Amino acid sequence: MNMENAEILIEARSLSKQYGARTAVSDLNLTLRKGDILGLLGPNGAGKSTTMKMLAGCLAPSAGEVRINSISLADDPTAAKRSLGYLPEQPPVYPELTVQEYLSYCAGLHGVPRGDRAAAIDRSKQACGLTDVGQRLIGNLSKGYQQRVGLAQAIIHRPPVIILDEPTVGLDPIQIREIRSLIKELGRSHSVILSSHILPEIQAVCSRVMIVNKGRVVYAEAIDQSAQPLFNTVVAGLRRAPAVDALRGIAGVSSVTALAGDLFRFEVAGSADPREAIADAAARGSWGLFELRTVGKTLEETFVELTSGDIVVHDVIKEAA
Amino acid sequence: MSSVLTIARTEARRIFVSPLAWAVLAVLQLILGFVFINLLYNYARDSQMGGQYMGVADYMGGGLYGFATILLLLVMPLLTMRLFAEERKSGTVTLLFSAPVSLIEIVLGKFLGLMSFMLAALLLLALMPMSLMPGTHLDLGRIAAGLLGVLLLMMAFGAAGLFVSTLTREPTIAAVVTFGLLLLLWLLQILSSQEIPFASLFGYLSLISHFESLQRGVFNSADVIYYLLFTGLFLWLAVQRLDLERT
Numbered sequence: 000m001n002m003e004n005a006e007i008l009i010e011a012r013s014l015s016k017q018y019g020a021r022t023a024v025s026d027l028n029l030t031l032r033k034g035d036i037l038g039l040l041g042p043n044g045a046g047k048s049t050t051m052k053m054l055a056g057c058l059a060p061s062a063g064e065v066r067i068n069s070i071s072l073a074d075d076p077t078a079a080k081r082s083l084g085y086l087p088e089q090p091p092v093y094p095e096l097t098v099q100e101y102l103s104y105c106a107g108l109h110g111v112p113r114g115d116r117a118a119a120i121d122r123s124k125q126a127c128g129l130t131d132v133g134q135r136l137i138g139n140l141s142k143g144y145q146q147r148v149g150l151a152q153a154i155i156h157r158p159p160v161i162i163l164d165e166p167t168v169g170l171d172p173i174q175i176r177e178i179r180s181l182i183k184e185l186g187r188s189h190s191v192i193l194s195s196h197i198l199p200e201i202q203a204v205c206s207r208v209m210i211v212n213k214g215r216v217v218y219a220e221a222i223d224q225s226a227q228p229l230f231n232t233v234v235a236g237l238r239r240a241p242a243v244d245a246l247r248g249i250a251g252v253s254s255v256t257a258l259a260g261d262l263f264r265f266e267v268a269g270s271a272d273p274r275e276a277i278a279d280a281a282a283r284g285s286w287g288l289f290e291l292r293t294v295g296k297t298l299e300e301t302f303v304e305l306t307s308g309d310i311v312v313h314d315v316i317k318e319a320a
Numbered sequence: 000m001s002s003v004l005t006i007a008r009t010e011a012r013r014i015f016v017s018p019l020a021w022a023v024l025a026v027l028q029l030i031l032g033f034v035f036i037n038l039l040y041n042y043a044r045d046s047q048m049g050g051q052y053m054g055v056a057d058y059m060g061g062g063l064y065g066f067a068t069i070l071l072l073l074v075m076p077l078l079t080m081r082l083f084a085e086e087r088k089s090g091t092v093t094l095l096f097s098a099p100v101s102l103i104e105i106v107l108g109k110f111l112g113l114m115s116f117m118l119a120a121l122l123l124l125a126l127m128p129m130s131l132m133p134g135t136h137l138d139l140g141r142i143a144a145g146l147l148g149v150l151l152l153m154m155a156f157g158a159a160g161l162f163v164s165t166l167t168r169e170p171t172i173a174a175v176v177t178f179g180l181l182l183l184l185w186l187l188q189i190l191s192s193q194e195i196p197f198a199s200l201f202g203y204l205s206l207i208s209h210f211e212s213l214q215r216g217v218f219n220s221a222d223v224i225y226y227l228l229f230t231g232l233f234l235w236l237a238v239q240r241l242d243l244e245r246t
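Chains A and B, in that order, are what the protein sequence lines are. The first sequence: position 214 = 213 (numbering that gives the first Met the number 0), numbered continuously. The second sequence: position 6 = 5 (numbering that gives the first Met the number 0), numbered continuously.
Rather than coming from a laboratory, the hints here were simulated on the basis of the structure. Incorrect hints may appear among the rest.
[Claimed, not checked] If you want a taste of the chain B side facing chain A, the calculated C-beta under 10 Å gives, among others: (1) 2; (2) 8; (3) 13; (4) 89.
[What the hints assert, rightly or not] These stretches of chain A come out as covered by chain B in the derived footprint (C-beta under 8 Å, 3 or more residues): (5) 54–60; (6) 106–117.
[Claimed, not checked] Calculated from the model, a selection of chain A residues having no Cβ within reach of chain B, i.e. all distances over 10 Å: (7) 21; (8) 26; (9) 49; (10) 68; (11) 187; (12) 189; (13) 220; (14) 232; (15) 236; (16) 258.
This one's a predicted model, so the numbers in the text were calculated from it and none came from an experiment. By construction, the Cβ of each residue, glycine as well, lies at the ideal position given by its N, Cα and C atoms.
Work out the full structure, taking the sequences as your base and the hints as a guide.
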């Protein structure tokens with residue numbers, strides 16, 4: 000499926016939020032297409048919650064605009080919000096109501112037609128595993144169940160887009176697993192934006208990830224779900240290396256840079272695996288191959304690098320003649 | 000419009016699910032009942048006093064409803080404090096803000112929900128004089144006018160309380176400030192009897208001055224409009240405040 004052609008459901012352009020002198024979100028661009036499960040990853044205080052509130056229409060941005068299903072959130076908020084389901088960090092539940100009463104209220108609020116309400120509530124309860132607790136007071140339920148009620152509220156009107164702000168925070172491991180599988184299930188019929196500061200959660204559930212730090216997007220890529228970790232660099236150590244041009248000619252190699260200590264970094268072209276070709280060429284040319292390894296950047300390394308604020312120190316690069 | 004009713008219905012449910020509303024109604028009934036019995040007893044004992052008034056309804060309406068207004072001034076802040084302050088404190092306001100409903104619909108819905116409580120209190124006030132019906136002839140028009148006055152006053156109190164509730168996250172602060180605001184508006188009446196410029200303006204602005212004619216059974220449309228404008232003003236201010244907060 001060509002993702003580029005899928006319908007755009009949420010588009011945020013140059014989103015910014017200032018609180019006095021403090022910038023919470025700065026110039027954030029975001030596109031959510033149909034079928035995406037987008038993970039917003041970032042350390043605490045990065046601006047994820049603020050971004051989500053702006054996307055859901057609960058907070059007006061200082062600059063920029065949000066369009067949901069091509070409807071501008073600023074110009075026609077009521078129409079735009081019909082396509083949204085939002086679960087904030089704290090599920091917005093009323094402890095004095097029963098689950099049934101609350102969901103009935105939410106169905107009405109979100110514009111579910113009166114005739115469809117009962118069916119919508121039942122469907123929602125079933126999807127979130129709430130069929131047994133319909134008559135219980137929400138205040139008496141555990142945090143995991145309250146989270147589920149919040150989730151049920153977000154999907155009751157079957158919105159094309161669901162925004163979930165840290166949906167698994169504060170839950171025990173079993174509940175976390177249940178919510179995650181629930182989200183994956185939801186991902187089949189809705190498009191989801193999910194925020195978290197827990198990396199494995201994003202990797203387990205999402206198809207795309209955006210790393211946010213200090214209010215800015217620092218990384219936005221698709222997550223490859225394949226078993227092999229992606230690598231885009233091969234480092235080889237050659238005692239008697241030939242000219243750089245000869246190295247560049249090896250199949251699957253897009254560029255070569257010389258590093259200190261007889262090491263060479265080969266940038267990989269596309270998804271090729273040039274390791275065998277390098278080994279063959281080294282053996283034939285008797286280049287003295289003593290080291291051959293891939294250098295893959297896992298998402299974790301990328302996350303730490305981009306959010307720790309340190310400047311990554313590269314090896315000394317010797318420009319080839 | 001249906002969103003307004005949806006919000007109103009759930010707000011009414013939440014008000015009456017909480018013991019607070021029932022405790023308040025119970026206390027109201029207890030104190031008003033006490034006053035009512037007292038008035039009745041005085042009337043029955045001292046029939047000469049009857050000459051000063053135009054009948055039982057007049058006597059009851061004046062005494063009971065007049066006293067009720069003071070009680071309601073004390074009690075309404077307790078019911079309005081929760082409306083927005085508690086929602087903002089517990090984060091449930093995001094449910095309303097992220098739903099496809101406008102701020103006007105939210106404020107109107109909440110206000111209508113509050114009116115369900117007002118109607119319950121009004122019922123209490125109606126039943127007491129009505130209980131005299133088997134025994135004597137009552138001027139129902141008098142009583143109706145008195146009840147209308149109480150309702151309009153409650154609506155004014157409620158709207159002011161709702162607005163104050165949007166200003167803070169802490170319900171108790173909302174209650175205290177509402178009480179202060181209502182008392183101040185009430186007491187503007189006192190300034191009208193002083194020798195100061197704009198004395199009659201203060202008299203006009205005071206909440207209680209418009210009640211008095213309704214209490215006497217005089218339906219003066221200016222008084223009714225005053226209360227409706229007062230209510231409308233504070234509801235509008237609440238919408239503005241919520242809009243400002245979102246920015």
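Each hint, compared with the structure:
Hint status for residue 2 of chain B: holds, given a least beta-carbon distance of 7 Å to chain A, under 10 Å. The beta carbon of residue 8 of chain B is positioned within 10 Å of a beta carbon in chain A (closest approach about 8 Å), and the interface hint is therefore held. Contact between residue 13 of chain B and chain A, as hinted, is supported at the beta carbon level, the nearest pair being about 6 Å apart and thus within 10 Å. Hint on residue 89 of chain B holds. Least Cβ distance to chain A is approximately 8 Å, under the 10 Å limit.
For a cut-off of 8 Å, the count of residues in the region 54–60 of chain A with a CB near a CB of chain B stands at 5, and the three-residue condition holds. Remark: the region 106–117 of chain A is confirmed as covered by chain B, as 4 of its residues place a Cβ nearer than 8 Å to a Cβ of that chain, reaching the required three. For residue 21 of chain A, the shortest C-beta to C-beta distance to chain B comes to about 16 Å, beyond the 10 Å cut-off, and the non-interface label holds. Its beta-carbon lying about 19 Å from the closest one in chain B, residue 26 of chain A satisfies the requirement of being farther than 10 Å from that chain.
Once the 10 Å rule is applied to beta carbons, residue 49 of chain A is consistent with being away from chain B; the minimum gap is 13 Å. Taking the minimum C-beta to C-beta distance to chain B, about 12 Å, the non-interface status of residue 68 of chain A holds against the 10 Å cut. Look at residue 187 of chain A: its CB is around 23 Å from the nearest CB on chain B, clear of 10 Å, so calling it non-interface holds up. The claim that residue 189 of chain A lies off the interface holds: its Cβ sits roughly 15 Å from the closest Cβ of chain B, which is beyond the 10 Å cut-off.
Distance check for residue 220 of chain A against chain B: the nearest CB is about 29 Å away, which clears 10 Å, and the non-interface claim stands. Interface exclusion of residue 232 of chain A from chain B stands, the closest Cβ pair being 44 Å apart, more than 10 Å. At roughly 57 Å, the least C-beta separation between residue 236 of chain A and chain B is larger than 10 Å, which holds for a residue marked as non-interface. With a minimum CB-CB distance of about 52 Å to chain B, residue 258 of chain A clears the 10 Å threshold, and the non-interface call stands.
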